[in-house]
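Asker: Here is what each chain is made of, one letter per residue.
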Amino acid sequence: MRIIRVFSSMVLAVSIPALASGYDFSGQSRTYFQATESIDNRHILPLYEYLDFKVEDFASIASQNVSFHFGGWARTDLADEAYGKKTNNDLQYAYLTIRKSTANASLDLGRIFIREGVSSELVDGAYVRTDLIRGVRIAAYGGVPVDTNFDGRGGDAVYGGRISQEYPGLYRLGFSYLKERNDRTDFREEEGGDLWFRPVKWAELLGASSYNALTRAWMLHNYNLLLGPFYNFSLRAEATHVSYRDYFTGTTTSAFTFLTGRINPDEKLSTGGGELSYSFGKTGLSAEYKKYSYDIAGDANYYGAKLMYSDPKNWGTGVSFHRMSGETDTLKYYDYRAYVYKKLGKADITADLFTVSYDVEISGVKNAYSASLAGGYYVMEQGRLAADIEYAHNPYYDKEVRGFVKFVYNFGSPYGAKGGK
Amino acid sequence: MNNGSIKKLALVLLVAALIAGMYACSQKKSLLKWHPVEVTAAPNCADCHKDDRAALNHTPDFATRHKFYAMQRKEVCDLCHVESFCTDCHAHKEEIKPSDKFKDSPERSLPHRGDYLTQHVIDGRINPASCFPCHGRMNNERCKVCHK
Chain A
1 MRIIRVFSSM VLAVSIPALA SGYDFSGQSR TYFQATESID NRHILPLYEY LDFKVEDFAS
61 IASQNVSFHF GGWARTDLAD EAYGKKTNND LQYAYLTIRK STANASLDLG RIFIREGVSS
121 ELVDGAYVRT DLIRGVRIAA YGGVPVDTNF DGRGGDAVYG GRISQEYPGL YRLGFSYLKE
181 RNDRTDFREE EGGDLWFRPV KWAELLGASS YNALTRAWML HNYNLLLGPF YNFSLRAEAT
241 HVSYRDYFTG TTTSAFTFLT GRINPDEKLS TGGGELSYSF GKTGLSAEYK KYSYDIAGDA
301 NYYGAKLMYS DPKNWGTGVS FHRMSGETDT LKYYDYRAYV YKKLGKADIT ADLFTVSYDV
361 EISGVKNAYS ASLAGGYYVM EQGRLAADIE YAHNPYYDKE VRGFVKFVYN FGSPYGAKGG
421 K
Chain B
1 MNNGSIKKLA LVLLVAALIA GMYACSQKKS LLKWHPVEVT AAPNCADCHK DDRAALNHTP
61 DFATRHKFYA MQRKEVCDLC HVESFCTDCH AHKEEIKPSD KFKDSPERSL PHRGDYLTQH
121 VIDGRINPAS CFPCHGRMNN ERCKVCHK
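One line per chain: the protein sequences are A and B, in this order. Under this note's numbering, the first sequence has 100 at position 100, and the numbering climbs by one with no breaks. Under this note's numbering, the second sequence has 120 at position 120, and the numbering climbs by one with no breaks.
Treat the hints with care, since some could be wrong.
[Stated by the list, open to error] Under 8 Å between C-beta atoms, here's a sample of chain B residues computed to sit facing chain A:
#1 LYS28
#2 CYS48
#3 ALA70
#4 CYS89
#5 LYS93
To be clear, the hints were calculated from the coordinates, so they are not data collected in a lab. Where is the CB? At the ideal position from N, CA and C, for every residue including glycine.
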């Protein structure tokens, strides 16, 4: 509960001066209560509090400002220990932003989630970016990486940046770099390029490539081509290529190391496929196909179709089916899904069914399924209470029943003053 | 200071001066702090924008390619989304599946729906690279319960 006290103190410490000085304070509290059973039949009743807020100057929609952003959660278990711990918590982000009114210039200080080209890193440090002339933009960051349950943080460092150039509306080209050191030795060094190209309004190419500078080989290529819409039809084609030896470096879990034999370093995977969509009014229909080609393992194909209807303020529904067809037994199955939701004034109700039918039984189970029923109600303008129950049957659980209750409360100005999340 | 160090320092100072000059010349207004018109979930940007902003339409497949927009200009995402929207899925440490947090939003593309304990073995065989960005270095405490 210490983390909750810390959260509360921080909220008070930030909010009181903020409100007094004309700054705007807004955020969201989410309280979750889950009732479930672990795979070794222990009852787990975790109670979570997720809190996020920001304090900022709302004097003008376009003016420069200083803002503070915070997000974190804490959990205690009311029965047995969930995931081996009676309590747990995480500081997801906490940073101060200083933003200029020109050139999109910003400086962040604190715990920041950085997305810049090859970098998708949580860092305790500093992050600065700005536009320059002729469509050039630069970004740089540095600090200490925030990895999970890895060794100590002494001697750890991460830094990198990205430079890009764009012609607005036509193209954007970016080059990025990342270096991470663990215990004063090189842990990761990655370089990459990213692309966005839209020569005509009905065609868009976007993607990225990453290069491992330690193994001196390409790790990943991932590109999408979007075409349309033409008479309500649109097409998305996708191609990726992954070199396992170069991609799965710098991991902190045995699930991805080569030593266990689960990941073959000599494997190379290429995927190719696409999705053809047709929309008419609030209804969408799509067919998709993806081929997985391996240098070593047997190939696989995944294909299927989806039909959706969505009227967000009233009701919506969707059905889908897919077939996975691979060379091994576990890669031969059908999956099906159907859902429906309905809004009824302040209330809403949702039903969702997901099933998988294996060609060959897994642990004696041929058909796995999970069905859930959820309902919510706005008990006040800023607060919504919701609950759901899920029943499942699968290779790990003959019969699993799980319950979930949540209360979401928005405080301060309309959340984010952006019309929501 | 030897010759090599002097050359490196001169290069750094030159690049810094170039950046400072380019910044000084760039007086383009920053993006607004938030989208001036309230938008509802899954917006069709093309309803109002006829230029390249129409590319940000949140079509049903947008979840598969949103990473490219975020890695290039995340400040555009920030016009409508607060940071916690990203951390709902992209977590440093998380115990609740995103699809469990939002069972009442079945139309959203959220990872790990249904029985993911069985499915993760299949997905891990099919394309472990799809697991790695989220669980390779972070958010893998649950992985470590079995993958010791």
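Asker: With chain A as the partner, please determine if B/ALA70 meets the hint condition of a C-beta pair closer than 8 Å.
Answerer: Given a least distance of 5 Å, the restraint on B/ALA70 holds.
Asker: Does B/CYS89 meet its interface restraint, that is, does its C-beta lie within less than 8 Å of any C-beta in chain A?
Answerer: violated (12 Å)
Asker: Quick check on the hint: B/LYS93 CB to chain A CB, less than 8 Å?
Answerer: holds (4 Å)
Asker: Would the hint on B/CYS48 stand, with a C-beta cut-off of 8 Å toward chain A?
Answerer: violated (14 Å)
Asker: Holds or violated: the hint that B/LYS28 contacts chain A, with Cβ atoms closer than 8 Å.
Answerer: holds (6 Å)
Consistency with the previously given hints fails for numbers 2 and 4, ordered from lowest to highest.
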